[in-house]
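Engineer: Residue strings, one per chain:
Number of protein chains: 2
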Amino acid sequence: MAQYLLSYRDRVGARPDKFYKTTLFSGQHLMLGLNCLEPGQVQPVHDHADQDKFYAVLEGEGVFTVGEEEQVAGPGIVVWAPAGVPHGVRNEGQQRLVLLMGIAPPP
Amino acid sequence: MAQYLLSYRDRVGARPDKFYKTTLFSGQHLMLGLNCLEPGQVQPVHDHADQDKFYAVLEGEGVFTVGEEEQVAGPGIVVWAPAGVPHGVRNEGQQRLVLLMGIAPPP
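Just so you know, the protein sequences line up as chains D and S, in that order.
Oh and the first sequence: position 107 is 107 in the numbering used here, straight run, nothing missing.
Oh and the second sequence: position 99 is 206 in the numbering used here, straight run, nothing missing.
No wet-lab data here; the hints were simulated from the structure.
Every residue, glycine too, gets a C-beta built ideally from N, C-alpha and C.
Please note that the accuracy of each hint is not assured.
[Unchecked claim] Now the stretches of chain S that chain D is said to cover, found in silico as 3 or more residues with beta-carbon under 8 Å:
1. 131-143
2. 152-164
3. 178-188
Construct all of the structure, not just a fragment, from the sequences and the given hints.
Structural biologist: So this is what it looks like as structure tokens:
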């Protein structure tokens, strides 16, 4: 069943220069991945004109920007960035920020 | 920011007759929701010919069927059910099973 199930903890990673991204699963309609931000790392605000996206906070805490608004979010928070709405996240905390991320359709 | 962020814990629910489903966010390309199964409840095996789907276990433990395989999964496990692959889940545990679920494109 390795084909269809995984533990996100086995896929967490870090890069010194830029936040870490990895794909967990990808199909014709949806791509799922992890975004891992070390303290101080940032995903700059950007948008996807024709893709809906979400983040679910798994570990750590992030400062999320979506549209005109900004909010700190920790584990259990789900963030929605629909097509065309600018979004980004900063890790201003002391621990790694781990996000489950999905985007549809896939890039 | 209530528009773009929520805590899944505020949206957990239960039904006596059938597992509980609720939509968290829905756009043109992706729908995100919760599936909550009380002990003994089942989502029968089914498929979606033209939609990719995932579950992420948030609380509890489920017995997942995907394709020909079956596996018990708890918090931190991500389950992938691509278009056309039969999938379902049973709660054979003692506590509520809470799943973040996404499907693309939305039903």
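Engineer: Which earlier hints can't be squared with this structure?
Structural biologist: none
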